[in-house]
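Undergrad: In order, the protein sequences belong to chains S and R. Here the first sequence stands for residues 1 to 475, where the numbers follow my numbering. Here the second sequence stands for residues 476 to 950, where the numbers follow my numbering.
The set of hints was computed from the structure by calculation and includes no laboratory data. Ideal placement from N, C-alpha and C gives every residue a C-beta, glycine not left out. Treat the hints with care, since some could be wrong.
[Claimed, not checked] Sample of chain S residues at the chain R side, in silico, Cβ under 7 angstroms: (1) Pro83; (2) Asn86; (3) Leu87; (4) Gly154; (5) Phe196; (6) Phe334; (7) Asp335; (8) Pro338; (9) Val437.
[What the hints assert, rightly or not] Restraint ranges, calculated between C-beta atoms of paired labels, are given here: (10) R:Lys780 / S:Asp264: 30 to 38 angstroms; (11) S:Glu301 / R:Val854: 57 to 65 angstroms; (12) S:Asp302 / R:Arg576: 54 to 62 angstroms; (13) S:Gln107 / R:Lys814: 54 to 62 angstroms; (14) S:Gln107 / R:Glu649: 21 to 29 angstroms; (15) R:Ser892 / S:Pro367: 53 to 61 angstroms; (16) S:Ile29 / R:His676: 28 to 36 angstroms; (17) S:Asp380 / R:Asn512: 40 to 48 angstroms; (18) R:Ser892 / S:Phe334: 20 to 28 angstroms; (19) R:Ser892 / S:Met134: 33 to 41 angstroms.
There are 2 protein chains.
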Amino acid sequence: MFRLLRKCLTTTRRFCTDTSSFMVREPKICTVVQSLNENPPTEDVVVRGWISSIRKHKNVTFLHLQDGTTTDDLQIVALDDLPIPNLTYGSSVEAKGRLVRSPYDKQEVELSVEEVKVLGSCDPEAYPFKSKKMHDIEYRRQFQHLRPRNKFDGTVLRLRHEASRDLRSYLTDEGFYEVHTPIMTTNDCEGAGYVFKAVAHENKEFFDKPSFLTVSAQFHLEALSHAIPKVFTFGPILRADHSKTRHHLSEFYMLEIEMAFCDDLHEVTDLVDALLSETVDNLIDKHEKDLKYLWKHSEVEDLMKTVDAIAKESYQGMTYTEAVEILQKHRKQFDYVPKWGEDFGKEHERFLVSHCNQCPVFVEEYPIALKPFYMKRNVDGKTVKNVDLLYPHVGEVCGGSVREDNIDNLKRNMEESGIKNIEAFEWYLDLRRFGSVPHCGLGIGFDRFLQALTGIKNIKDIVPFPRSYDNSITM
Amino acid sequence: MFRLLRKCLTTTRRFCTDTSSFMVREPKICTVVQSLNENPPTEDVVVRGWISSIRKHKNVTFLHLQDGTTTDDLQIVALDDLPIPNLTYGSSVEAKGRLVRSPYDKQEVELSVEEVKVLGSCDPEAYPFKSKKMHDIEYRRQFQHLRPRNKFDGTVLRLRHEASRDLRSYLTDEGFYEVHTPIMTTNDCEGAGYVFKAVAHENKEFFDKPSFLTVSAQFHLEALSHAIPKVFTFGPILRADHSKTRHHLSEFYMLEIEMAFCDDLHEVTDLVDALLSETVDNLIDKHEKDLKYLWKHSEVEDLMKTVDAIAKESYQGMTYTEAVEILQKHRKQFDYVPKWGEDFGKEHERFLVSHCNQCPVFVEEYPIALKPFYMKRNVDGKTVKNVDLLYPHVGEVCGGSVREDNIDNLKRNMEESGIKNIEAFEWYLDLRRFGSVPHCGLGIGFDRFLQALTGIKNIKDIVPFPRSYDNSITM
């Protein structure tokens, strides 16, 4: 009770619009998006943010203010007798005034200002960004600590937040539990060399065994799904990948899901279809302005159509074998045409998607030799129960499979894959030894998913602080 | 549209309770918690899970089924003419039958079963857990891959999910954006030796600079808060900490928050108070059964009172100086009494909480020398604008401060702290160089927060796969 009282008092101190009349009426603190949505715009407010442009006229100064909460600026109108020392592009300010209907076309609301206080000035010569200039995305990438202040990069950040939230909330509504799987594991992926190792001071081991950074949470999720049947984890994955393409990062975000009591690959595809299409539908519905702003600045054409297809069209499906047949039928279009048993390249993935009218495509049942040991085999003795989801522009965004739940088959698969340190997998075999269950799982590359939605060509521009083999690590 | 149709069809295939009469009526698939909540319990269902006990009587067999969705079991009643080969404790099963009102006191609903299919058997001799035995928490800790199947450990997992969700949703409702800060950074904490380093194959560097695993997302959050003023991140933190206490992990979860345009420490304490107390209030409200189950198995006394205080009482506040005075007044109770300028030990933290009637206590304004360079100093020239939150039983769960936003003061602080590689912080100084803003931030130790709520003494039992200096890393 006392806590509530205290909370009331402090709330009163800061947001006093509904206090009784004997108290001093203090202005409400608003973000830019809140200001622009004030209707009718009659209130005394304080708005804080960074100056994105200054226009001085004879008797009046127009300032534009942004604070990362919307792609729009708040126009601030200051009469010339208002002294504002140190005001430059990039400065942070606190503006106090009255929100009024704007007489100008570009905005409905503007701030008729009484006082502008510069909180932090900004030397326009030294500041890497210039007023009224949309700097190249490659140029901005050099200033990871400052680029989120650019409207484009700020919008990407907001969309990351909204998309994460929608994915989580869909899964939770469907009865999934979010779990926390470890960053440091004993899994070295058979010394394949593309894992990071965690060492202590002077490159010494810290634990009793070498510890590696997670390349997938799958095995830990499988353990948890044998206790709570529907689980997911959403977090960073680290791979010491030497790829220097615009689709690879050394640190990226993955949503991984595991479902026990499920041995039907179509439960995986149905879930992925519903999860992704509803998330995208939601984003279009609630954040159309943000998406359109990003699309406007993308080199990818017809993004609205693509994203609409992701949200609303039926996801297509074909087997790996059918995909190979399609590619071979159109062999003239490729430098190299994959034979059955070989993996697809980016050009083949792109072709398969365009073959399906730029709709997402599930490609199912790959050859055994192309996929990891934990996938359940089909009765044909040639293929596994797996699925890859291909998206327009970006290619693979998701992979899933039915897991082998029989301990003898699993051991055989491990041997055939050439795994030597089977003793390191004893705990994993235990899951099949004690109350084993048929189960499926999948992983969605969150950054690539956002690339597809935004038309951002380089994955380094989707994450705020990218880490990749060809990129300097500066902070 | 076609997608929706396909979704309908597949949904129909699996959950047919509301299909039209000409279709075959297939039983609904239920979790244990859904079964127990079916009211009236008349439906044909399929329930899947693991066998937690078997009681054979003359003409009837009673099975108990659990699936991690509740602390309760579903009682399955099988007439003896029902053959169930390979059924043992720990087996996974699929049971088909009809939910009916139970004639027994212990439960309202039970499953009158027509068919029980064992999906994965379990050798009761080899399985580390025995039927009807609550194994010691230390014993269970040895089997990280299997222990979530124990009701206690499964309940902790569910609470982690619910608490994470509530914290996120409170902050989002308050206008905060969740951002993703990197695991790999250049910050080596001045070679203090308690950071992990990420290396590639054969202990080689991977990037152009040495990369370390994050010990705090604060600096990256500060950069983002200078673009979107209210941000948070919730994820793993890695510290090569040699502590072997029951309060330390090498990998733990932290919720970190940064607020721009805020220079009042009480905005931090108000936010923390509201965020944590409402989260706890929610958990008590919605997950009382789970909490009570964990409290029943805790050695900590009077947990309900403690947790109620966290949810409903006013959080107390005192300055560091007042805290020292209180401790000195009760000097007889301690082996060592801290003088002004020295840090508190666990016994002192515990005393301060009990001094405040076992309510959470904010201790504010510590001596400059005890705290990091980025904290803003008070005008007294002796203390900083910081706050630590102490909780009953666990001590410090949260720390926050006003950040130094003036570049000259920040440089002075860095020099006085003995930081040599100031060039590595140039990007951080840029934040104060270009449009600097007064800002505050804080970090909440999520695992310790849950320890306080559940009465779990060892932090290794709060996370599913603990990593710590004294603990073998097995998976």
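Undergrad: Now look at each hint and say whether the structure bears it out.
TA: A quick look at each hint next to the structure:
1. Pro83: 20 angstroms, violated
2. Asn86: 11 angstroms, violated
3. Leu87: Not OK, violated: leucine 87 of chain S not within 7 angstroms of chain R, min 11 angstroms.
4. Gly154: 5 angstroms, holds
5. Phe196: 5 angstroms, holds
6. Phe334: Interface hint status for phenylalanine 334 of chain S: violated (30 angstroms vs cutoff 7 angstroms).
7. Asp335: Where the cut-off is 7 angstroms and the nearest Cβ of chain R is about 31 angstroms from aspartate 335 of chain S, the hint is violated.
8. Pro338: 29 angstroms, violated
9. Val437: Interface hint status for valine 437 of chain S: holds (5 angstroms vs cutoff 7 angstroms).
10. R:Lys780 / S:Asp264: 30 to 38 angstroms: 49 angstroms Cβ-Cβ, so the 30 to 38 angstroms window is violated.
11. S:Glu301 / R:Val854: 57 to 65 angstroms: 59 angstroms, holds
12. S:Asp302 / R:Arg576: 54 to 62 angstroms: 59 angstroms, holds
13. S:Gln107 / R:Lys814: 54 to 62 angstroms: 60 angstroms, holds
14. S:Gln107 / R:Glu649: 21 to 29 angstroms: 26 angstroms, holds
15. R:Ser892 / S:Pro367: 53 to 61 angstroms: 59 angstroms, holds
16. S:Ile29 / R:His676: 28 to 36 angstroms: Hint violated: Cβ distance 52 angstroms, outside 28 to 36 angstroms.
17. S:Asp380 / R:Asn512: 40 to 48 angstroms: 43 angstroms, holds
18. R:Ser892 / S:Phe334: 20 to 28 angstroms: 60 angstroms Cβ-Cβ, so the 20 to 28 angstroms window is violated.
19. R:Ser892 / S:Met134: 33 to 41 angstroms: 40 angstroms, holds
Of the numbered hints given earlier, the model fails hints 1, 2, 3, 6, 7, 8, 10, 16, 18; all others are met.
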